[in-house]
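> These two chains come separately, so use the hints to put the complex back together.
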Amino acid sequence: MIKTDIVIIGAGPVGLFAVFEAGLMKLHCHLIDAIPQAGGQLSEIYPKKPIYDIPGYPTILAGELVDNLMEQAAPFKPGFTLGERAETIDELPNGNFVVTTSQGTKHEAPVVMIAGGLGSFEPRKPIIENLSDFEQNGVNYIVKDPDQYQGKEMVISGGGDSALDWAVYFAEKNGFVHLIHRSDRFRAHKDSVAKAYKLEEQGKLKLYTFAEVKQLEGKQQLEKVILETKDGIVPIDTALWFPLFGLSPKLGPIADWGLEIEKNAIVVDTFDYQTNRSGVFAIGDVNTYPGKLKLILCGFHEATLAVQSAYKRINPDKKFTLKYTTVQGVQGFD
Amino acid sequence: MSDINITVIDREGVSHKLIAPTDMNMNLMEVCKSYDLPVEGVCGGMAMCASCQVYVHTDKHFGERNDDEEAMLDEAYHVKSNSRLGCQIPISTEMEGAEFELAPEES
Ligand SMILES: Cc1cc2nc3c(=O)[nH]c(=O)nc-3n(C[C@H](O)[C@H](O)[C@H](O)COP(=O)(O)OP(=O)(O)OC[C@H]3O[C@@H](n4cnc5c(N)ncnc54)[C@H](O)[C@@H]3O)c2cc1C
Ligand code: FES
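Those protein sequences? They're chains L and F, same order as listed. For the first sequence, my numbering gives the first residue as 1, with consecutive numbering after it. For the second sequence, my numbering gives the first residue as 1001, with consecutive numbering after it.
Here chain F stands alone, though its shape is the one from the complex (with noise of 0.2 Å):
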């Protein structure tokens, strides 16, 4: 068993304690969906609709952002230098401790 502890803060300021696995290949956006968060996810996770944007508030980075990220990015409302497209980061054992925030949701 390898799971960690993950704090997600959702967008009436209240701060959710999540508990994700590193071995079923699933990433930040699914793991809030799992939980009934509000994350619509409604690209299943391509990097293609941004209603997955979280402002990562710990100095970690998780990885880059990768191309696809950074062209949805750049086309997203209310984005910030600490966001992430949350199906862009996979659930890792780095991530121990971090702390998410939800980012506004489009009109």
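Only chain L is shown next, with the shape it has when bound in the complex (with noise of 0.2 Å):
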């Protein structure tokens, strides 16, 4: 079991900040994402653009953003349960939270902060009959822990980022690569497709343009993908299918943990943006109320107002003034 002082669901924006404002008060967090990265749309779906209404950055790339927050945070020391999906929130008989993902983690604290956002990031999925029975036996919708694929023959579909950049990593790193895509147009940056081009010209990656895979064959593991391209039926033997065409985020789970919702929404109290469940908080894109602009900067003052709630909750007893971060500094958890 994980024990922290505040669980925080969703390593987006809100989440990373809300670390830092707790940690001026000696609070120690643990981030739970669905996705294996920190950042939430900023690094799932933007993370070249730029953003122009951060106060006092005139202009500031989302991943440049996400970076900043991440060492804004790191001097507290924030743990991270990467890749799971916060599946329940249940109350344990002394009053904490406990939180359990998708893969069985248990984390607990007396103060759980929902900064989820639009919702957790799920894969969009091709319409293939048998996919789900290859789901755990060689496809994958997310590259987790690249390192465990070395040297693995593999291949990847899809002409976003994620798709191009995987495809130019694996190239780079194992040698070889298929790349599928249904067009010969390309959503991801100039400078991927351009370096895929690059790869294939060495023979380092095998591009099919308006291909597609239409079936998978394999007795339990993966061991054949079937594309359908425009000069017939292409077989491939691999083990390892990454379909790469982005994920989209769904309010999943959050709908069932007894939380007042509207319009896909979590109701909160503006005082300290609490939820109908007293020690339950809502920040970020993930809360409504009326007024609400779903707004980095709005999700910032969230964070550090439900903080201060969550504080009086951990230490009832304790007294409290705010400190200027200019006067006191920032000291770091050891």
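If you're looking for bench data, these hints aren't it; they were derived computationally from the structure. Any given hint could be a false lead.
Using C-beta positions, here's what the derived DEER-type ranges look like [as the list claims (entries may be wrong)]: (1) Thr270(L) <-> Glu1105(F): 30 to 36 Å; (2) Lys294(L) <-> Glu1105(F): 18 to 24 Å; (3) Ile127(L) <-> Met1026(F): 31 to 37 Å; (4) Pro1021(F) <-> Gln148(L): 51 to 57 Å.
Which chain L residues stay away from chain F? Per the calculated CB distances, all over 12 Å, these [said to hold, decoys possible]: (5) Lys49; (6) Met70; (7) Gly83; (8) Asn94; (9) Val98; (10) Gln136; (11) Asp147; (12) Ser157; (13) Asp237; (14) Thr238; (15) Val330.
From a predicted model like this one, the values you see are computed outputs, not experimental measurements. Think of the CB as a built atom: it goes at the ideal place given N, C-alpha and C, for glycine as much as any other residue.
In structure tokens, the structure reads:
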């Protein structure tokens, strides 16, 4: 059991900033996210796009903002459970909560903050009849721990950034990869596409355009993918297929946690962004209240206020006054 | 004032008459959202999610698909020849009387 002061569900910008604010009040945090990297929508949807409305930054790339938030939170040594979805929030007799993930990892804390954004990122799955038979046996929708695929032959499908970036990565690392795409236009950044064509010239990447994986074969483990191409059917022997068609957020289990939900968001009290379950807060895009705006800057404000209330819940008898960071500096945890 | 009237058929087949302003720099996805129609617009209108896909029932095209839009539709599901991304159709007077249908949600 992982024990901490605040379990934060969602490692987007708002969850990350909550770690910093909590740290200033000497509270430890542990973040859970369904995707293998921190940053939420900024990392998953628009890492290379500029944001213009972060106070003090006339312009900053979304990916850079995430890096900065990670750096800002680092002194407070947050824990991470990544690539696992929070499934349940149970209450113990002592009033603490236990948050359990899809992989069964348990986290105990007196306070839970849901910073789940638009929901947990779930893969967009291709429509193939026996797809689910191979989901644990060769078909993967995200690349988690790339080292485990070292030297392995694989097929990647998709035309967006994640498909191209991983195809380039594995072509360079393993020396060979198959990349399949439905057309010859790519959503991915031009640089990645250019790299992929270059690797093809070098014989490290085999690109199939106007092609689609239509069938999967194998006894239990995936053994073969069958492509439909403009020149006919092409079978490829492989034990690994990554359909990387992007992830889209789904509210998912959040809807089953006994919280008041309105228009796919959690209703909170704007006093401290607490939900109808005492000790469970909701901050950032995932919450709603009169006048709510789904903006990063609003999420930062919400995180700051929610942490104050969390502190009082955790330390009911301790006095605390607001101190400026300029005055006290940032005293990280050992 | 330069409002226009359009019709949007939702996924249950119900048709909605919408009045859209042409002077607010809005696109069709945003107009649907402002009427609380079930259009998610996950990517905020950057042609990166296809959650705003519509079928254009009117003969007019309101501009051609742009490159980003084509690339996204290549990876979307339920795409037909009259598919467009709502976020890539700016509201204009040419759209007066036009009819659109929301494409099915992806699984
Ligand atoms: C294309 C685009 C452009 C944008 N531009 C701007 C802009 O210019 N300015 C601005 O202020 N905002 C902008 N936004 C909005 C901004 O990205 C969001 O307000 C912000 O990401 C919200 O942060 P968050 O931390 O609340 O949630 P998110 O960033 O959505 O992160 C939530 C995280 O929680 C995880 N999660 C959810 N449920 C679970 C669960 N059950 N278990 C585990 N993990 C879970 C998700 O996987 C996700 O990683 C933009 C959004 C998009 C899509
Ligand atoms: S809103 Fe995402 S593609 Fe239109």
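> Now, for every hint given, state plainly whether the structure supports it.
Comparing the hints with the structure gives:
| no. | hint | result |
| --- | --- | --- |
| 1 | Thr270(L) <-> Glu1105(F): 30 to 36 Å | 31 Å, holds |
| 2 | Lys294(L) <-> Glu1105(F): 18 to 24 Å | 20 Å, holds |
| 3 | Ile127(L) <-> Met1026(F): 31 to 37 Å | 33 Å, holds |
| 4 | Pro1021(F) <-> Gln148(L): 51 to 57 Å | 53 Å, holds |
| 5 | Lys49 | 7 Å, violated |
| 6 | Met70 | 23 Å, holds |
| 7 | Gly83 | 21 Å, holds |
| 8 | Asn94 | 39 Å, holds |
| 9 | Val98 | 31 Å, holds |
| 10 | Gln136 | 19 Å, holds |
| 11 | Asp147 | 28 Å, holds |
| 12 | Ser157 | 10 Å, violated |
| 13 | Asp237 | 25 Å, holds |
| 14 | Thr238 | 21 Å, holds |
| 15 | Val330 | 33 Å, holds |
Hint compliance for this structure: hints 5, 12 are not met, and every other hint is.
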